[in-house]
Structures are given as structure tokens and as C-alpha cells.
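Asks: Sequence order for the protein chains is A and B.
Residue numbers for the first sequence follow my numbering, beginning at 1 and rising by one.
Residue numbers for the second sequence follow my numbering, beginning at 184 and rising by one.
These are computed hints drawn from the structure, not numbers from a lab.
Be careful, since some hints might not be right.
As a list, the in silico DSS-like pairs of lysine-lysine whose alpha-carbon atoms are at most 30 Å apart [said to hold, decoys possible]: (1) K40(A) to K230(B); (2) K185(B) to K72(A); (3) K258(B) to K95(A); (4) K88(A) to K170(A); (5) K88(A) to K230(B); (6) K182(A) to K230(B); (7) K72(A) to K258(B); (8) K230(B) to K95(A).
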Amino acid sequence: MTRHLSLSAALLLATAACAQERYATRTGHIAFQSETPLEKIEAHNHKATSVFDVTTMAFEMAVLMKGFEFEKALMQEHFNENYVESDKYPKATFKGKVTGITAEDLKQSGSKAVTVEGELTLHGVTKPVKATGTMGLEPGGAIRASGTFTVKPEDHAITIPGMVRDNIAKEIAVTVQVDLTKL
Amino acid sequence: MKRIAILVALLALVGGGWYAWREYHRTAAPTSALEAAETMTAEALLKAYTEDENAANARFNGKVLLVTGTVREVKTPENGLVDVVLETGDPLAGVVCQFAQADVPATLTAGAPARIKGVATGLLMDVVLQRCASVE
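Start from the sequences and build out the full structure, keeping to the hints where you can.
Replies: Shown next, in the form of C-alpha cells:
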């Protein structure tokens, strides 16, 4: 029997020994938006998993593609079936590193501007990504991080049919917000 | 004869336009109104995903499941959404059922038995079901 351990569960187990240095969430919010003169498309996913290591500043996220919810069912169906092929590629993942903030900064309340650079794997294709945003310690003890970056569908071998090419932005704006609690 | 042909063409045009408009604006049907593809315990569902994730993805993802079990935890509403976590026997992983806040019955509390319909989206730390509805 091969027992699969998801990325995040594996990280949880592996970090048990130094749990005080790691923060995680199972309810991260990822949204993306495509806006053209013809159409505005927006989707949200409130079930992203994320782990952040304060010591190394390593930041990882994983999200289920079928978890993105659209206002219109037809858009959601096209997204899953025709564009990201979520049956074939059920997850997107990001692994990167946060700069612009230190472990010391995260011991006191207040947020700072940060940059997160890493690799995004989407539709089976891995590409470098650079996000800008803020990170800081919340009064309740959680670390809140938020940021934005853009993704070009063609960079991830996502083909947009010519008939709807003008309805979909060349660059999709992605926003991320996570409230990470200490493990 | 020509008038009838024009009338038929017009009707087809109006009908096609109405269908396209309705299809474009269609929203997801409420899960409570959909028939479940499979019924199983939360423990069995997690086991299916952890033993062979690819097979479970193919079998469950995107489908409506009716999952039975015991409520481990009901999480505080956030963004109008509530997570009801079902016990699986694995302390590191549960079956998380995401509800719209208005759809969570008061009877769904920690330790209570649950029968929940939801759309399976896959496995991260937990198996995730979205657009959930409690079933009597």
C-alpha cells in the first residue's frame, strides 16, 4: 500500500521537531481576475494550503483547481475542462522565498512590504514568479501575508481559443491572502 | 411560403439567443438539489484519497458525494463561509466541508452525527468538499 502524503501534511510531519518556527494555514484565499473591455472574469478559492518557515523564509502554497468558484457556472466549466484541465492537473503549487522582512520583524506587530520569488507550477508547467505584497504579525499572533502577481496563460501551455481570445486578459491578475498560525 | 421560412428563421434566432443568454448567466445548482454520485463515510473517503490519490481524483473530483460521519470541529465563519470538519481517525487530516454560512444547521456541532452532500475538489491536507449542504 502506498500511502500518499500531501505536500502540506508531509511538511507538518517533517517540521514537528521545530514547530515553533513554522506557520501554516488550510484556509488561504487565492483569487484571480481577468478584465477586458468585453468581459470581466473573477474566481475565488478559500482553501489554499500554505506553510511558511520563519527561519529560512521559505513559503509554499498548494491549491486545488476545482476549488475555484466563479459567479457563472459556464465559466467554471470552461476553466476546468478547456483551460487548466483540472482532471489532468488537479493542483497548482508555489515554492519560494520571502525577502524584505526578518524573523525579528515578525516578533512585533505591524506589516512590511515584501517580495516573494519562486516557482509556480500550473497546468503541469513550472515557471518563475515574483510577487509583491505585505507581511506582518497580527495582534492575535498570526502572520498575515498578502500579495499580487500576474500569470500569462500561454506561459503555462494554457491555450485560449481564438474565438474568445479577446474576452480573456493576456495577463491574469492573481491575489493571495493567508493568515498563518503557529504550528 | 417565404413568410413561413422567415418566421421559422426568426424563431430559431430568438430561441438560440435565449438559450445562449440563459446558458451564459447560469449559476451552479444548489448541491441539496443534486443527486449524490456516491455515499461513503468520511474515513473511507480520506482512505481512498491517501491510498491512491490519482484514482480518487478521477473517481470523485467534481462529483457530488454524500459523506457520513461525526463532526470533529465547526470553524468560525470567515468570508461568509464555514468549514465543518468530519472525523476520519487521522488527527492530521479530516474531510472538510465548506458551507455558505446560512446553510449550516444549528445541529452540526462537534460530536454530532452528520450527513453532508458536497462537491469533491481533491486532497490537500484534508479532503475538501465545497458547496456543502446538510442532509436530513
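Asks: Starting from the hint list further up, note which numbers the structure goes against and sort them upward.
Replies: Numbers 1 and 2 - these are the hints that the structure violates, sorted from lowest upward.
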